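What follows is the residue order along each chain.
Protein chains: 2
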Amino acid sequence: MAFLQRYDNPPNEQLKTLLSRNLGKTQSVTKQVSAILDAVKEEGDAALFCYASEFDGVNLSSLAVSLEEIQAAEEQVDGSLKQALSQAYTHIHAFHAAQMPIGEQVEVAPGISLSRKVVPLNRVGLYIPGGTAPLFSTVLMLAIPALVAGCPEVVLCTPPGKQGTIHPAILYAAKLCNVKEVYAVGGAQAIAAMAYGTQSIQAVDKIFGPGNQYVTEAKVQVSSTTCAIDMPAGPSEVMVVASPFSNPSFVASDLLSQAEHGRDSQAMLVVQGEKTEGKDFLDRVEEAITNQLTSLERTEFLTQSLACSRAFIVPDLNSTAHIVNSYAPEHLIIDLGETEDDALLERVVNAGSVFLGPYSCESAGDYASGTNHTLPTNGWARSYSGVSTDSFIKKITVQKLSKEGLTSLAPTLLCMAEQEQLGAHRGAVAVRLGEEK
Amino acid sequence: MAFLQRYDNPPNEQLKTLLSRNLGKTQSVTKQVSAILDAVKEEGDAALFCYASEFDGVNLSSLAVSLEEIQAAEEQVDGSLKQALSQAYTHIHAFHAAQMPIGEQVEVAPGISLSRKVVPLNRVGLYIPGGTAPLFSTVLMLAIPALVAGCPEVVLCTPPGKQGTIHPAILYAAKLCNVKEVYAVGGAQAIAAMAYGTQSIQAVDKIFGPGNQYVTEAKVQVSSTTCAIDMPAGPSEVMVVASPFSNPSFVASDLLSQAEHGRDSQAMLVVQGEKTEGKDFLDRVEEAITNQLTSLERTEFLTQSLACSRAFIVPDLNSTAHIVNSYAPEHLIIDLGETEDDALLERVVNAGSVFLGPYSCESAGDYASGTNHTLPTNGWARSYSGVSTDSFIKKITVQKLSKEGLTSLAPTLLCMAEQEQLGAHRGAVAVRLGEEK
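Chains as they are written, first to last, in numbering that gives the first Met the number 0: chain A, 0 to 436; chain B, 0 to 436.
No lab work stands behind these hints: they were computed from the structure.
Do not rely on the hints blindly, as some may be mistaken.
One copy or two, it doesn't matter: identical chains are merged, so the pair holds either way.
Restricting the straight-line Cα-Cα distance to at most 25 Å, the calculated cross-link-like pairs of lysine-lysine (PhoX-like) are [claimed, not checked]: (1) Lys274 - Lys15; (2) Lys15 - Lys40; (3) Lys274 - Lys30; (4) Lys402 - Lys81; (5) Lys394 - Lys116.
Just so you know, these numbers come straight off a predicted model, no measurement behind them.
All chains should be built: construct the whole structure from the sequences, respecting the hints.
Quick look at the structure:
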């Protein structure tokens, strides 16, 4: 059975099409989201209660989840998950703590001292999608860097379940990361609430987190006027780079674990090697996919995603590097053997997160190795980094000039101000040096 | 003559209104920009030539400025400006070089190695506005961090003058910073060209730089679908914090140098001190403004901006810190005496750039002290930092797990994948540890 559309070293013109993402945002999403944003902006909590009833099918008495409920969640989470979250927490915390920047200080000339002051964002909003399973891993991925950065106020919004409650694993993960404000609000309306503020939910400075196309569109809309966001988001994707001598079962499992995320997930495979060997390898990968599929659920997502997946056979590292950097994958798994892995990594410039060698599966990074799983999709890896401690921090530049420092700069400042025809800019210098009043 | 609207320690409710920016984006700007973006996307260069004729009043034969033209500019720039640009370059380069991040590497547990690979953006676009005077300082502020970051391709777009040429000071500054691609394209159409690409101008990964409301709207529109931008921008602004014992001429000159930027610039003054002394001080500041105004041009901008300026008298550091952080000024000048300056700086969390003490005038940072002058306006300092070397860099996370590393993580990964109901995520671990095929 053939799952992967195969392409043998396609020429550049064809490659562009083959590496494209098929995302069509419908006009109706834009309009619906815009209407939801307006409603929340104008009616506040009332709109949120209304949408909870309409979209989540629950009549809530309060949007805020009580501290008692958060405390109580601890008893409902089983010991093995607690232990798992604890190990994940340790690794994620360690890696994000190492990312904490220190403000630099430079005296560029006598009497001209420049520095950057590192400040955490004051109030951040984390969005955790609902759906079939509780995404507690995303709670860790967003709340731990906020904690490491030292953000004083962290808010979490997530849609209520049918009973109007939040899954205890979400609440437990939030508590683990010291998140004290949790609201049972989901969808575009949650983004609106965090951007504009309502009676119950105070506006935040930046919104983080994944979501469906309504949530994503809402984030993009508020980002242009009101509230910063982590990044524009799209469906998840992986590019696996293997050789004909890689383990086909490992490769199959990586493609499948991407494909199960959703029906629009994209899994790409690049086989670097000789043509005939590459074809044989692809046969073995497909065989492994067939085998592994038998024990998996989510078959609807898996088959739809796999149908859009592509496999390329390319002759050398040059071609591989070109495909990788052209696609700019969210996740990049490289398994070409140690020397060749390092050589390719050296040349990777567009990717969200890289997984090196046969034992670095994407699930490790998704959950617990310590890297962040909130990553740029849809080619945004060309310009964006994934979420990190940096994402929760601002750097304010500070300068202090002595009279000596300003004097040494004066000829330059006066000349530039004159040529840019800014007389008062000139004056601010002249008046300080006693040349004008 | 009273220039500043005065407020004596206003209550919190009133403060919110007093610190608001008056920005009304008209629906017509959104539509006009959207039409320009569509035209450039569809017609490419043809649309650019058309707009050059329509908006800039020139019929261009080529959009690209030739290397000869860039070389020739050197002879047309006078020696004093060259010397000024050279000193500015040295300071800006030194401070931005100090900002260059180093990717961290952490082994969070045996066999689990995590790191971040620091990569410059591949191709960046710098927009330099036209207008009455050549903004060569902005060329330095954008092109130097791109150079420091190591961006391989740097593109500069700026509107052509009436003769179809670019001011030699702009070209000279570009050459100084090793910018090799310069295009005579301005306005929203320049942003479109850099975002989508045309026959002459290849698309970039991120667009930087200030501009009028059309340019700003174009940046915001492309940022949601196609191309990253530095930050949403608005009119320039300053908040000056002084005591009744500060030098009123210095303060007046700072307010004026902000006000001359444009008719929508905002200059705010906070006087921290006793009420009567504060009033006396404000009188002296207004007297100094009157004096200094006589020698200034740009009176239209100055009077319109000053009319929207506000002065607050507040009793203590608490109130000052509250006003500063609520306003989140682009530029913050603090002159309360050394000890109090430091105490306030300690409490500043929302500001673009801070100028400490009597000799740190904004013009110093605008031009040549070394800090960047591309800063968050309109309250965005709550969530954005100014442009820095960071803005030209991505950080790609990398992980490498040994079999031992994956084994130690396995129970956690299997547990989390099961609870999130992601069977293939579970499988990718199990198959690697020989538990499944």
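Quick rundown of the hints versus the structure:
For the homomeric pair Lys274 and Lys15, the shortest alpha-carbon distance inside one copy (21 Å) is at most 25 Å, but the shortest distance between copies (68 Å) is not. Only between protomers do Lys15 and Lys40 lie at most 25 Å apart by alpha-carbon distance; the minimum there is 17 Å, versus 41 Å within a single protomer. For a Cα distance limit of 25 Å, the shortest separation of Lys274 from Lys30 qualifies neither inside one copy, at 49 Å, nor across copies, at 52 Å. When the C-alpha separation of Lys402 and Lys81 is checked against a cutoff of 25 Å, the pair qualifies only between copies, where the shortest distance is 24 Å, while the shortest distance within a copy is 60 Å.
Both within a single protomer and between protomers do Lys394 and Lys116 lie at most 25 Å apart by alpha-carbon distance, with minima of 5 Å and 21 Å respectively.
Hint compliance for this structure: hint 3 alone is broken.
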